[in-house]
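There are 2 protein chains.
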Amino acid sequence: MADAESTQPTQQPPTEAPAAEGAEAPKVPSKNELKKKAKEEEKARKAAEKAARQAELEAQKAAAEVDYATEFYGKLPLNQSQSRPRRARVQIASLTPEMDGQTVLLRARVQTSRAQGSKMVFLNLRQRTDSVQALLSVAPEKVSKQMAKWAAGLQIESIVLAEGIVKKAPEIIKSATVGDVELHLTQLHLISGLETVLPFTVDDANRPEPPETEAEDVQFKRVLLDTRLNNRVVDLRTQTNQAVFRLQHGIGHLFRDFLDGRGFTEIHSPKLQGAATESGASVFQVSYFKGKAFLAQSPQLAKQMAIAADFERVYEIGPVFRAEDSNTHRHMTEFIGLDLEMAIEEHYHEVMELLDDLFLHMFRGLKQKYSKEIDAVRKQFPAEEFKWREGPEGTLKFSFKEAVDLLVEDGVPREELDDIDTTNEKRLGRIVRAKYDTDYYIIDKFPMALRPFYTMPDPEDPTLSNSYDFFMRGEEILSGAQRVHDPKLLEEGMRKKGIDPASMSYYLDAFKLGCPPHGGGGIGLERVLMLFLKLNNIRRASLFPRDPKRLEP
Amino acid sequence: MADAESTQPTQQPPTEAPAAEGAEAPKVPSKNELKKKAKEEEKARKAAEKAARQAELEAQKAAAEVDYATEFYGKLPLNQSQSRPRRARVQIASLTPEMDGQTVLLRARVQTSRAQGSKMVFLNLRQRTDSVQALLSVAPEKVSKQMAKWAAGLQIESIVLAEGIVKKAPEIIKSATVGDVELHLTQLHLISGLETVLPFTVDDANRPEPPETEAEDVQFKRVLLDTRLNNRVVDLRTQTNQAVFRLQHGIGHLFRDFLDGRGFTEIHSPKLQGAATESGASVFQVSYFKGKAFLAQSPQLAKQMAIAADFERVYEIGPVFRAEDSNTHRHMTEFIGLDLEMAIEEHYHEVMELLDDLFLHMFRGLKQKYSKEIDAVRKQFPAEEFKWREGPEGTLKFSFKEAVDLLVEDGVPREELDDIDTTNEKRLGRIVRAKYDTDYYIIDKFPMALRPFYTMPDPEDPTLSNSYDFFMRGEEILSGAQRVHDPKLLEEGMRKKGIDPASMSYYLDAFKLGCPPHGGGGIGLERVLMLFLKLNNIRRASLFPRDPKRLEP
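Chains A and B, in that order, are what the protein sequence lines are.
Basically my numbering = 1-based index in the first sequence + 21.
Basically my numbering = 1-based index in the second sequence + 21.
There could be a bad hint or two in this list.
Derived SDA-like pairs: lysine to any residue, alpha-carbon spacing no greater than 25 Å straight-line [unchecked claim]:
| id | chain 1 | residue 1 | chain 2 | residue 2 |
| --- | --- | --- | --- | --- |
| 1 | A | LYS517 | B | GLN103 |
| 2 | A | LYS517 | B | GLU216 |
| 3 | A | LYS518 | B | SER102 |
To be clear about the criterion: a stretch of chain B counts as covered by chain A if any three or more of its residues have a C-beta under 8 Å from a C-beta of chain A, and this derived list gives those stretches [stated by the list, open to error]:
| id | region |
| --- | --- |
| 4 | 214-220 |
| 5 | 474-488 |
| 6 | 501-509 |
| 7 | 535-544 |
| 8 | 566-574 |
Don't read these hints as lab results, they were simulated from the structure.
Positions of the beta carbon are idealized from the N, C-alpha and C atoms, including for glycine.
Using the sequences and the hints given, assemble the complete structure.
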């Protein structure tokens, strides 16, 4: 079984070629030459006789070897819904040793195909994150040699319809995720083959990533990120990516689940905007019939207007667009915002605490319901488990000033810390992890100068604001604040930041019509996913990522 | 209580105006005139004396009437999160007669304010779809006259913090949704007032819409749709709209709930596309750094690529963009697509039946969980209840050909029916409602000529296709099909529709890499909402609608 045989069927050379020499006759033959010629002719005659005998034997043998399995294998006609026999299919994940002896039918990818001699073929069949070993073994009236040869020749990544008998595996099969059974194939049909060359194999794409500091592992071909993204459809088939996007689904589900239970209403705000507003960040311009429009860089204005319209508590999951020419590991031009906004009764910490509870709900839910997926990702992206504080002391919270002090203590010059840049953010993450043993914390009370115009100033120190950021592994994943709900103060704020209030009259009007005190925040879905799993690049957390240089696939 | 008093505080005229007549003196006074003058002077003196006495009395009275309630009312300072006393607030919806005697605190809008004399004020307080009557009654040491006057002067739509004692109502109060209690106010503070004129009252905006055929009801001001949309923040405060958007939330929730239970994964596909592709429908062009991009007109390509990437079953809820200059009741340039795609085992009816089950799940869920909201909407938009078939016979399904026959029977010339246009669609809806007593049905087997290139042709008749539309009240709300998963057939289909396959190479490659047979569909969220509730215009089902003429608010 250890031999690495070709997965392609080997073309048998003809057993013996009929002799066809001496076609070129010399002009004057000598006696010796004539003798030689006669000898050669005799040799050719004998060879031809032998070949004829051989051919007759082959024909007899072939006649004896009628393919009794033609119905059991081969390419299926294109499925155009010709018929509906309603034969039940099973999932690989559901196969157990208790099913020993049962015949099952399943659709799967051929992950590997390996012939052992001419009478046995081992296939690894894959569905999403699961795989099982299947065995095709020549047997009279059931599996023909021709069927085995055909199966051995199946291209990897083909989709097959396999019928087989479940057998308890004699020993655990390590190359399959469902290792305690194997499938003894009785039928095998091709549903969809490949009509191009695979850019890389799913096996190669699924190998553990070498740590960034380590030298390249030359034993296996490493598939680089750009190659993956250019061929994203194959890349997404890895068990790692199947797990990553189940986890992305999980985050969205947990987010809504929590907020639905707290009286929030899901809203959908328009991405097409009449004016380029909100903050200094660049926006994309759209040709809109004879005029122009702009793509929303967040649902900020709409969700605040929903609060002025008495919705009380709203959330939105939708794309946000940033026309920033940033080519970093954590920027995309389009990503998914998990946004929420809520009326507050007394204090903006009501929102901050709800957001904290939301994150704890998400972390716990991922750990409890998606441990299989987390383990699958960890095989390719080894990382320390994501840590957060449980128990009565609660999530670690400190003020911006305290964060600066921690960095100064660690040796960063205070004069560099008017803002905390990405490098210092990460440094702070390491300090916090070492000192408090957590990857998750909140920084409150950011300087007003660092926040957008709609942020509520601190009631005592107008240089500070009622705003907060949430962090995972030293990177910001949420930014939020109490908002200004007083139209005069809002207008003042706009002017200070160089925004013409007239350009945002619809927004301002919402507050002139009476609006409760409120606050909220925006979470980057892909950032949470990247940092929870330590995928190191945000593109890995996006199905088909977009950045200044990538608009396809 | 039946008198329609002004909601504005009536300015009390001064008890007696000082006489100020006779300023104009004639040049030569006669005796009589002098007498008259002396009389008038005497009269004026007496009047002045009387006024002075009166003023003194008033002052004495005012001194005696120190406002003992100053702490109990007035405008609160701007909430900047100065403090957090953690006083619990209640919801109006939770008030019951059993709470009689309890003191509660709540934040609400002033829907109406009506003084009865100078000692009593009736307020209608509103939270979303709920309202309650509150009563402010002058009482020694508790509610002062000044407090009552201030309360009577509150502008409608102000947001107040009200403390009061719950009292069982002597009789049901019809003007409030919670009519079996009233609130006897002990404190009333203004959280947020209005700094502009209300474009219309929420009461006016909440009145029943006259049927389209009926003459305008002149008794009340009718608020037209454009006025509403220009002032959407106020319009959204109506009980109708609060209910409409809870129902929108409900549809999304039921959609995901059903699909999560069927093994689907939620995906988020990019809205920024490198090429203008898919179908003939116009796309919006975006300036993308030094190049250009296009807004996705559906997640069609991405969700099919996810199937080729082994996701098996996917759904997406997200914006889709259509650059069509259509100014109809059912078109918007941006709307929310509820999209799904799944691998099929044998037949595309697997998808069609799942979609049918999904709709039944949504209809039943809305009826069961959102009956309060449906009733609230019906008050403004009276409509026959939405009907669908339950029971063993299942949802009504017929073929495109049968639909045409129904129309022909009804008198439509067959030669007009190569396609079924909007008018005939509605006509069909009426025929079906009359004949089969249902507002919900499926048409299968559309002609290939009417469907996009990626639609799988019928296996026997290539002029037909494996595609279907779903209808509610005679309007299409879902379009779907089995898709072509064979790259050669797909390329052929593109060429037939005049699309250059090279422009969609990433998409084509997905199928060259092996793809299971699959199908799916796309649902318009706002259309389902509009038709379920019979809102008559899709803009009413969108928070901030976008059409060729509207990009704001």
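Cross-check of the supplied hints:
| no. | hint | in the structure |
| --- | --- | --- |
| 1 | LYS517(A) to GLN103(B) | 23 Å, holds |
| 2 | LYS517(A) to GLU216(B) | 21 Å, holds |
| 3 | LYS518(A) to SER102(B) | 23 Å, holds |
| 4 | 214-220 | holds (count 5) |
| 5 | 474-488 | holds (count 5) |
| 6 | 501-509 | holds (count 5) |
| 7 | 535-544 | holds (count 4) |
| 8 | 566-574 | holds (count 6) |
Checked against the numbered hints above, the structure violates none of them.
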